[in-house]
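Once you have looked at the hints, place chain B on chain A.
Residue numbers (the numbering used here), protein chains in the order written: chain A, 1 to 334; chain B, 1001 to 1340.
Note that these hints are calculated values from the structure, not bench results. One or more hints might be untrue.
Stated by the list, open to error - One-sided excerpt, in silico: chain B residues whose CB lies under 7 angstroms from chain A: (1) E1057; (2) S1058; (3) D1086; (4) V1198; (5) V1267; (6) Q1280; (7) E1286.
All residues carry an ideal CB built from backbone N, CA and C; glycine is no exception.
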Amino acid sequence: MAPVTTQKNAPLLEVEDLSVAFRVRGSDVRAVNGLSYTLAEGETLAILGESGSGKSVAAQAVMGILDSPPARITGGAVRLRGEELLGLPERRRREYRGDRISMIFQDALTALNPVYTVGDQISEMYQVHRGMRRKEAKAKAVELMERVRIPSARQRLGDHPHLFSGGMRQRIMIAMALALEPDVLIADEPTTALDVTVQAQIMRLLADLQAESGMGLILITHDLGVVAGVADRIVVMYAGSVAETAPAGELYARPAHPYTAGLLASVPRLDRSGDRLVPIKGTPPNPAALPSGCPFRTRCPRAEAVCAEERPPLAEVAPGHAAACHFAEEVHRG
Amino acid sequence: MVDGQAAGEPILQVEGLVKHYPVAQGVVFKREVGRIKAVDGVDLELRRGETLGVVGESGCGKSTLARLLMAAERPTAGTVRFDGRDVFALPRRELRALRRRVQMVLQDPYSSLNPRMTVGDIVGEPFAIHPEVAPKGERRARVQELLELVGLDPDHVSRYPHQFSGGQRQRVGIARALALRPEVIVCDEPVSALDVSVQAQVMNLLEELQDELGLAYVFIAHDLAAVRHISDRIAVMYLGKVVETGDETRIYEHPTHPYTQALLSAVPVPDPERAGLDGQIVLEGEPPSPLDPPSGCRFRTRCWKARDVCAEEEPALAARDGSAHPSACHFAAERVPQAD
Chain A
1 MAPVTTQKNA PLLEVEDLSV AFRVRGSDVR AVNGLSYTLA EGETLAILGE
51 SGSGKSVAAQ AVMGILDSPP ARITGGAVRL RGEELLGLPE RRRREYRGDR
101 ISMIFQDALT ALNPVYTVGD QISEMYQVHR GMRRKEAKAK AVELMERVRI
151 PSARQRLGDH PHLFSGGMRQ RIMIAMALAL EPDVLIADEP TTALDVTVQA
201 QIMRLLADLQ AESGMGLILI THDLGVVAGV ADRIVVMYAG SVAETAPAGE
251 LYARPAHPYT AGLLASVPRL DRSGDRLVPI KGTPPNPAAL PSGCPFRTRC
301 PRAEAVCAEE RPPLAEVAPG HAAACHFAEE VHRG
Chain B
1001 MVDGQAAGEP ILQVEGLVKH YPVAQGVVFK REVGRIKAVD GVDLELRRGE
1051 TLGVVGESGC GKSTLARLLM AAERPTAGTV RFDGRDVFAL PRRELRALRR
1101 RVQMVLQDPY SSLNPRMTVG DIVGEPFAIH PEVAPKGERR ARVQELLELV
1151 GLDPDHVSRY PHQFSGGQRQ RVGIARALAL RPEVIVCDEP VSALDVSVQA
1201 QVMNLLEELQ DELGLAYVFI AHDLAAVRHI SDRIAVMYLG KVVETGDETR
1251 IYEHPTHPYT QALLSAVPVP DPERAGLDGQ IVLEGEPPSP LDPPSGCRFR
1301 TRCWKARDVC AEEEPALAAR DGSAHPSACH FAAERVPQAD
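Here chain A stands alone, though its shape is the one from the complex (with noise of 0.2 angstroms):
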């Protein structure tokens, strides 16, 4: 565990009001507006929400690594520990990149050097970070793979990724994220590319880590199936900001944004056959014209005309559940 310099108190990880735009053509198109969480130590925080609608590049922010051009942040403060990380030179920056927040992706096969063995992509972590010594690191890596339960990894570390499945590239991305064994990790669609079977073993093999370690986890996620077995808390982004956030327990038995209860009333359960699906009008809006006020009014049943107007602030509806709604109350209720 890295040393713990701050304050005791504060949040393991702390954003508020985060903004990000993107310069495009000339003009700013917002792809995060004002978006706010905390995360707590050993918590699973999923954040759900579609293409669109701010998620990654939210993560991006946090982590650090934000295509800067085209992508600005344009407002708000991220804090570990109390720390606030926004605005840090880029080299005190690094030290908390992979050390203190690290992240895993979608696509395992990408995010690996193809040229490298997985045992240097593994170790490097280690050498760089640590400052190990080459055969020091190399067994490091052998008792890290082993963790992520990769069988005869003593034999596999000279092997390239492309010798290796999706799922089980998948664990070596894991592996190279907990090396440093980090406060927090950020997983975007961890498992969106792999198989049925394979993403319940990954999804698995995550919640035993994070248990031993006692990190926090922020799954970042389109599948309300995933989330609903894994998070403790979550976020549901819409257009860049926070449409509602609740225990997982709460949101899924009252939500109380008709973004959500749309959400919940348009997937097909595998638990139940039959019944027509309800879904949600339109599609998830364009960043560059988003609606006025609200910006899911568009496409919601109950829209009024306030919601052209007003943009609802995120309230409370009940401790800990909060959804930004002008008729959240009524929606609660059911």
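Frame of chain A, contents of chain B only:
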């Protein structure tokens, strides 16, 4: 109903279907070093007006099966009968006439539409190959009718694919598939590239069209919940073979093949009360290569029930003591809920 024919009679019958792809090595003198057994002995039946769901993980041969059903590829062995006639034994002209009656909807609405053609041209293109369906003068009206049928604005005929969202593009793909008034549509992962909130729109559209036009669907997907929702009957594939088949409720509520049981238990349910990781069967490893499938039962290398007989003898897809519907397992039986 199509032309007054009764629903429930078989329209597509697949028997012993096999497709192997040779793997060659050598620069000048190619020699065959192996065969990828993509589809390896599949029997299926599709009845008029019904939806047959085909599920399986990547590499199980479900997309190869789709191409064979479309007669886009010739099988290594076996037959596909459409309305009682062997598709691969037909003379060219008749095959073309038959193709009109079986159409396909593809996964990716971005790459399956030509970006240089207007949606009107895309949806109307099938008429150029089968002019007997719509005389030249009527085509534009027919295209507009089709767009309306799939819920698009008929005035948008001269727009290009990039002006539409993913869900709308998939509707264009469906309109194109409907142009020739087919009886069967093979849908290969039709919603998996779409956003969650849009998937339901497209699935509902497919269901409405089925009711309206009496279509039969082969619905191929890896999303087990979507397949259950839309299908009447299900076939579960593993490494080129059907391992279990039956009515939707039989397969989802009383599966008897260990692979089906593991597959279903691995699907996360969007309900924290029921989700959890308990009660899940987490399989070891990943599907073996179709280049060199295991002897006997192909699932035995990952199966917790496997015994010696599984390596020696391939289990037939048949009803057994423990299974009222066909299941290709020597020890087919319903799963007993575990105490823990």
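Each hint, compared with the structure:
Taken as an interface hint, E1057/B checks out: its beta carbon lies about 4 angstroms from the nearest beta carbon of chain A, inside 7 angstroms. Hint status for S1058/B: holds, given a least beta-carbon distance of 6 angstroms to chain A, under 7 angstroms. The beta carbon of D1086/B is not positioned within 7 angstroms of any beta carbon in chain A (closest approach about 34 angstroms), and the interface hint is therefore violated. A least Cβ separation of about 6 angstroms between V1198/B and chain A falls short of the 7 angstroms threshold, and the interface hint therefore holds.
Interface hint at V1267/B: satisfied, since its Cβ lies 5 angstroms from the closest Cβ of chain A, which is below the 7 angstroms cut-off. With a cut of 7 angstroms, the hint placing Q1280/B at the interface with chain A holds, because the nearest CB-to-CB distance is about 6 angstroms. Interface hint at E1286/B: satisfied, since its Cβ lies 5 angstroms from the closest Cβ of chain A, which is below the 7 angstroms cut-off.
The earlier numbered hint that this structure contradicts is number 3, and it is the only one.
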